[in-house]
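There are 2 protein chains.
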Amino acid sequence: MISSDSGNIKTVEVCFSPALIHLHDVSSSVVVVIDILRATSSICVAFHHGVRSIVPVASVEDSKAYREKGFLVGAERNGEMLDGFDLGNSPFSFMDPKVKGRDIALSTTNGTQAIAAAGGASMLVAGSFLNLDYLSEWLIRQDKNVLLLCSGWKNSFNLEDTLFAGAVAERLLPHFGLNRMRDAVLASMHLYSLAKDDLNAFLEQSSHRKRLEKLQIEKDIEYCLTPNLAPVIPVLVDGALVNMTA
Amino acid sequence: MISSDSGNIKTVEVCFSPALIHLHDVSSSVVVVIDILRATSSICVAFHHGVRSIVPVASVEDSKAYREKGFLVGAERNGEMLDGFDLGNSPFSFMDPKVKGRDIALSTTNGTQAIAAAGGASMLVAGSFLNLDYLSEWLIRQDKNVLLLCSGWKNSFNLEDTLFAGAVAERLLPHFGLNRMRDAVLASMHLYSLAKDDLNAFLEQSSHRKRLEKLQIEKDIEYCLTPNLAPVIPVLVDGALVNMTA
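Respectively, the protein sequence lines represent chains A and B. Okay, so the first sequence: first residue is -2 according to my numbering, each after it adds one. Okay, so the second sequence: first residue is -2 according to my numbering, each after it adds one.
Treat the hints as calculated values from the structure; they're not laboratory data. Take the hints with a grain of salt, since some may be wrong.
Output of the computed footprint for chain A on chain B, the stretches with three or more beta carbons under 8 Å from beta carbons of chain A [to be verified]:
| hint | stretch |
| --- | --- |
| 1 | 15 to 28 |
| 2 | 36 to 44 |
| 3 | 146 to 159 |
Pairs of lysine-lysine residues, derived as PhoX-like cross-links and limited to a Cα-Cα distance of at most 25 Å, are as follows [stated by the list, open to error]:
| hint | chain 1 | residue 1 | chain 2 | residue 2 |
| --- | --- | --- | --- | --- |
| 4 | A | K216 | A | K151 |
| 5 | B | K193 | A | K151 |
| 6 | B | K7 | A | K193 |
| 7 | A | K151 | A | K7 |
| 8 | A | K151 | B | K95 |
A quick note: this is a predicted structure, and the numbers were derived from the prediction, not measured. Where is the CB? At the ideal position from N, CA and C, for every residue including glycine.
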């Protein structure tokens, strides 16, 4: 299944933390930003429910400026929605009919930071289990190197982002090669192979899971681990995510 | 098997890259530096064969100064021994009777860099499959938090260091707790559980393995993956590794 050192074929890499992205050459790559719990999952849901654009903003202060321009504003820190904002980070909050056709400015603990870290990418797209197969097929068609960037939790490794990277890598590998950065790809795929029959059970002991348990968002987690509910391709264009399939 | 969020009991963490060590508080931890292929494996072999001390040096230039002080000097870059040095990075070169009772200055691509990165640790010890059980039992007796630091390859994730971290974590967990940095521990243990029946076969596709294949050191790799051949505890004291069991 796994091809040896790639010649001319495109390669897939996995990066476990935005703090390690400097080890990868992203200038000729499509970077898939992954924040399963819950930024990139919510982004996919938003576009599936007709949001027009999502601007990732680094700080809560920046969000406020967007509100004055007519944007809906979403912000989450440490897993909770902030006071005075229209939207939190739950995928369900992005299913509200009020989001249809709107522009959103979104700030989250990890996801929007990862998007910022991947600034030099040739192209940037948001990935989650919700657009897994659709995204994988789209990546295969791009004919570019792919870097799967796990947002992690405050730059540390996390399991759910890694499992998703493994799921995408498994779908891409018949068409892509591996290079010297292959070990993270192999690890992700091995972990996904262990987890895929029951992602929820596999993540039972994980840190983010434990953190969110305290916030009573079990329903969010189950939703975010369900494949293919939102066939969208959220791509960053001029600083805003837009849905390429809209 | 896995205890929940730890109260007063000591914790075990895994760090996948020296470039992420700032995410961990090492000031109250024993840091286990891991560079399976091959620095920390060779360090264990050296002490098992009677070396008195090993000074990790960052640069090849620094090594030369130690030579003038009567040290044997070892240096490797990109997997190969450098010209004009007494020792390379193969565990077999440290079995030579000439090493007995000697002091060695050692510079390697990844291992000595990881030792430098862990400078703020309460205590630093070198780990490899060669001292796996002996080290794990020693760590349990220390009653301190443990950070398993994978050297990786030029700061990127690698599989063989991760498998060793998983092996140690498996041995420590009945006695230690997990904290919010638990996901890397869980991932390491899952990967080790997949690999442990045949580490060599599991690493068949790994990047360092492929790199070293070209250097024809299959014998080194097999040796470095063999548990418990060198019952030593190489601890850093005043800038030099010494064997606590000597």
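Handout entry: Agreement of K216 of chain A and K151 of chain A with the hint, judged by alpha carbon distance not exceeding 25 Å
Key = holds, 23 Å
Handout entry: Coverage criterion applied to the stretch 15 to 28 of chain B (partner chain A; beta-carbon cut 8 Å; 3 residues)
Key = holds (count 3)
Handout entry: Straight-line alpha-carbon gap K7 of chain B to K193 of chain A, limit 25 Å
Key = violated, 32 Å
Problem - Pair hint K151 of chain A and K95 of chain B, alpha-carbon separation not exceeding 25 Å - result: Violated. K151 of chain A to K95 of chain B sits at ~48 Å, over the 25 Å cutoff.
Practice task
Closer than 8 Å, Cβ to Cβ, for at least three residues: run that test on the stretch 146 to 159 of chain B against chain A and report holds or violated.
Solution key: Holds: 8 residues of the stretch 146 to 159 of chain B have a Cβ under 8 Å from chain A.
Practice task
Compare the distance between the alpha carbons of K151 of chain A and K7 of chain A with 25 Å, and conclude whether the hinted pair is satisfied.
Solution key: violated, 30 Å
Exercise for the section: Starting from K193 of chain B, check that the Cα of K151 of chain A is at most 25 Å away, please. Expected result: Violated: K193 of chain B and K151 of chain A sit about 31 Å apart, past 25 Å.
Problem - Whether chain A covers the stretch 36 to 44 of chain B (at least 3 residues having a Cβ closer than 8 Å to its Cβ atoms) - result: violated (count 0)
When the structure is compared with the earlier hints, violations turn up for hints 2, 5, 6, 7 and 8 and for no others.
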